[in-house]
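Could you build the full structure based on these sequences and the hints that come with them?
So the protein sequences, as listed, match chains A and B. Numbering follows the numbering used here, in which position 9 of the first sequence is assigned residue number 9; successive positions increment by one, without gaps. Numbering follows the numbering used here, in which position 401 of the second sequence is assigned residue number 401; successive positions increment by one, without gaps.
For the record, the hints were derived by calculation from the structure and aren't laboratory data. Since we're looking at a predicted model, the values are computed, not measured. Hints may be right or wrong, so weigh each one.
Any copy, or any two copies together, can satisfy a pair, since identical chains are not distinguished.
[Unchecked claim] Pairs of lysine-lysine, DSSO-like flavour, derived with a Cα cap of 30 Å:
#1 Lys53 with Lys206
#2 Lys41 with Lys412
#3 Lys206 with Lys15
#4 Lys15 with Lys31
#5 Lys412 with Lys53
#6 Lys111 with Lys206
#7 Lys31 with Lys41
#8 Lys53 with Lys111
#9 Lys15 with Lys41
#10 Lys15 with Lys53
#11 Lys53 with Lys41
There are 2 protein chains.
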Amino acid sequence: MNISGEMLLGNCAVKGSGSPTYAQNPATGEKLEPAYLSGTKDDVQTACELADKAFDAYRNIPLEERATFLETVATEILVLGDILVQRAVAESGLPQARIEGERGRTMGQLKLFASVVRSGNWLDARIDPAMPDRTPLPRSDLRLRHIPLGPVAVFGASNFPLAFSVAGGDTASALAAGCPVIVKAHPAHPGTSELVGKAIISAADKCHMPEGVFSLIFDSGHDLGAELVANPAIKAVGFTGSRAGGLALMNIAAERREPIPVYAEMSSINPVFLLPNALRERASALAASFVASLTMGAGQFCTNPGLVVGPAGDDLSDFMNNTRAALSESQAQTMLTANIHNSYNNSIGELLTNRAVSEVATGLESTEPNRCQATLFSTTAAQFLTDDSLGNEVFGASALIIQCDSIDEFIKVAEHLEGQLTATMQLNDDDLDLATRLLPVLERKAGRILCNGYPTGVEVCHAMVHGGPFPATSDSRTTSVGSAAILRFLRAVCYQDLPAPLLPVELQTENSLGLTRLLDGTYQT
Amino acid sequence: MNISGEMLLGNCAVKGSGSPTYAQNPATGEKLEPAYLSGTKDDVQTACELADKAFDAYRNIPLEERATFLETVATEILVLGDILVQRAVAESGLPQARIEGERGRTMGQLKLFASVVRSGNWLDARIDPAMPDRTPLPRSDLRLRHIPLGPVAVFGASNFPLAFSVAGGDTASALAAGCPVIVKAHPAHPGTSELVGKAIISAADKCHMPEGVFSLIFDSGHDLGAELVANPAIKAVGFTGSRAGGLALMNIAAERREPIPVYAEMSSINPVFLLPNALRERASALAASFVASLTMGAGQFCTNPGLVVGPAGDDLSDFMNNTRAALSESQAQTMLTANIHNSYNNSIGELLTNRAVSEVATGLESTEPNRCQATLFSTTAAQFLTDDSLGNEVFGASALIIQCDSIDEFIKVAEHLEGQLTATMQLNDDDLDLATRLLPVLERKAGRILCNGYPTGVEVCHAMVHGGPFPATSDSRTTSVGSAAILRFLRAVCYQDLPAPLLPVELQTENSLGLTRLLDGTYQT
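Pasting the structure below:
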């Protein structure tokens, strides 16, 4: 497969007609061929019409065929081979091993959703049989299943050029739900996007999926993304990126004639609470694992631990000294884009001029382009509670240590936090009383609560929640990672007294798919 | 229990301090004592603080106790006895038998949700056990459950003074989810609201629920409702009412610093499609049952059949003649409020001056106050497709018949519709081909699809969906009637590597509650 600078409008690979942009290798500053020309509003309209037209056909394809399509997408991504890995490395500055691992995760996600599609649990099939003899009124035959919302707009994320981009988690879960997908490619990795997009189209072709089940749009700016979200054919949006970007999409979606759900994963500082006994016993080990988590991937993870909360005193000083020693030897790593690197440096600059915080340690400098020098700050709980800017996410390898003078301050800091993707407690058995006090506060703040680990490294499984109260996400009810992500793209439909030939197969009395269904309120297989 | 004009701020029954308003008996125009004084912004703040404070305590009460609380609310409503029935009749103009039936439904809903709470299926408990030996990376122990969103604001509906008001479906499902509830009473039935509110507080007292689990606010206008939705303590909103009212709440919720979900059930004309063979064979019976559904309760149901779509010709003429005969004998019934009656008459007036429609039949007139004269109009599909005003809901016993010149026009009318709560097909075996074409269109438009019935009469069960795409509701993913309504007030939380003593009982390995849980992706009991 060649990289040719083409968008995908259904099965048609076409070049845009707008202004040309090029990817850049952030590690070297090198411009990468070919040019990617932005699409037009007409291109968005074409993709939306194709998706709308494909919707009924795609959603009514047997589940087994839908599952096979997802598995074939995984295969076609692997078939792309080294060209994909090399291009993604060049466009992202991420190491080859990381990209290969991410490719594995991307394929694993697609296969997980294939198994989810087959299980049919997401249908939440329910049957309340008719009661013709009930008094005073008979009961009708009532059956419920979930159907897909309709075409979904997905925005590729910069920090996972494979796993949260063109065939990433949002796309996999939307396709699994039965929704056609239109991806707005992230301008930082257009070549990777084109290759993966073509792999999806190749799989769609092999599996005889209707044209329009997938399209891919390029735009160097924000106009076409806005146009896409505003298009009446689009029924939901998946986005991973900045708070400003997510809020902009939420506003567009809310102002439509028909408002639609937006699943935006935006901003999280992932607090880590060092409970007193764990800190006393493990200050050195905690510092080493914290620095590893903080600096992994230049800190460019949604779950990067950006806030550490501990009891002021000698044990926390030990932790900070150990952290300083480890961090001062950490290499500056390439960030994903020059913009992200500039934003990081600006945020660090602001913190350096904030008299409420002091610098604890920095990592090694580098004169190479776009390298992230890790930075660690500290402040007091009192300062943190009065300066809201200290709760803002800094995307990159930066964190803030908060020193608490009392257990009450510990709890106050937790209560003061905005919504988070994760919250972590480092604890020993002797910390359980405090942890029991802290836990209900953290449950109100975060989508995932960890003990004695670090939040980076998100397992793709059934029990994962990668979500959380605003501003971590725009919709705290759901997750964007793991099999429950399919639930975002579904709505419930009830069928009352339908003749058997009209009933969807999932709700026919004989249960030929072997689904687990709720019969009169009780699970039956 | 006396009716004394009191709001409920937690356990405190207090009179408001704003302007006094009185309920009116719509059947007679009589003013009903006592005066209800509007609350203040401080009252809203007090209720919100109490709810916020009660939240952790309430959500962590064992499920069995939460279920008993709901059942006790049902008992306490019954204990109110005749004073409740008489007051609800006086405030709504609805017949006593209807109010008694609605009381039974209200109690039934509370008991259904008690059984749902006990089942724990809504927790969607999932366990992915640790895999310490997995390569290249071990897997953590990951467990998921759903927790309640937080305090919920509920707006009482005018048309169900019991079943969709103070202790109605929204309140029952939110309390079942573990959310404290603050109800903004509907100004048309303050006495009914006060009585039921006091029954809830009495049950909360008997069951030792934390203060703040329930509050009740009065306001003659819209200010306190807006204040309530804007309060940071409120995490979700339940509303049944007009499109304008629902949109106003959606806007307030979207503009908050932390946007929250609004479940507004707003507007639906509930199309009924008369398929050709059914119409030919059953024109007379279809007409009789249609008129019964149209005029029931003066047409004041969200699911009132406001649109009938049929193939132009002799069979449809038969249907219209039979409908005219039945409707012309239908008594004018009391509407819920003078405002609703005025709105109805205004809408009828607009249709009468619309040259695209003609009047088919009217019901009997009445000189008594606030009586609804049923009215039936007809138009052509061509007109309907070009005049969007013909798709607006008329709240009351009014419907529009659309005459289609072809099967394609039939489908076009379906495709042209906005989102609906229900869509109905009247069909015979010979209509199955057309029904198969129509069904996917209707699935995209409606939350419930019926065959050979009428949409009024909403069963409260597990498979019910009382929801649908905008503007039927603000959130098509869910239902406001039936046990799945609990899902609206929940969010997923993942627990990673928590020590056993910290794990919620629902997720402890021994499964002492006997829940159905997803273990590594497979249901286990």
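Handout entry: Intra- versus inter-subunit Cα pairing at 30 Å for lysine 41 with lysine 412
Key = between (49 Å within a copy, 26 Å between copies)
Problem - Within, between, both or neither: lysine 206, lysine 15 at alpha-carbon 30 Å - result: within (24 Å within a copy, 71 Å between copies)
Practice task
Indicate which option fits the pair lysine 15, lysine 31 if close means a Cα-Cα distance not exceeding 30 Å: within, between, both or neither.
Solution key: Classified as within: same-chain Cα gap 19 Å, cross-chain 72 Å, threshold 30 Å.
Practice task
Could you figure out if lysine 412 and lysine 53 sit no more than 30 Å apart (CA to CA) within one copy, between two copies, both or neither?
Solution key: Between. Shortest inter-copy distance 15 Å satisfies the 30 Å Cα cut-off; intra-copy 53 Å does not.
Practice task
If the cutoff is 30 Å on CA atoms, where do lysine 15 and lysine 41 land: within, between, both or neither? Let me know, please.
Solution key: Intra 14 Å, inter 58 Å, cutoff 30 Å: intra-copy only.
Handout entry: Homomeric proximity label, lysine 31 with lysine 41: Cα distance no greater than 30 Å
Key = within (27 Å within a copy, 59 Å between copies)
Exercise for the section: Go through the copies and call it for lysine 53 and lysine 41: within, between, both or neither, with a Cα cutoff of 30 Å. Expected result: within (18 Å within a copy, 50 Å between copies)
Exercise for the section: Please work out whether the CA atoms of lysine 53 and lysine 206 approach to 30 Å or closer within one copy, between two copies, in both situations, or in neither? Expected result: within (20 Å within a copy, 57 Å between copies)
Practice task
Since the copies are identical, ignore which copy is meant and state whether lysine 15 and lysine 53 lie within 30 Å (CA to CA) inside a copy, between copies, both or neither.
Solution key: Within one copy, since 23 Å is at most 30 Å while 58 Å is not.
Handout entry: Within, between, both or neither, where lysine 111 and lysine 206 count as close if Cα-Cα is 30 Å or less
Key = Result: close within a single copy only, 17 Å intra versus 52 Å inter.
Handout entry: lysine 53 and lysine 111: within-copy, between-copy, both or neither at 30 Å Cα
Key = within (26 Å within a copy, 44 Å between copies)
Comparing the model with each earlier hint shows no violations; every hint is respected.
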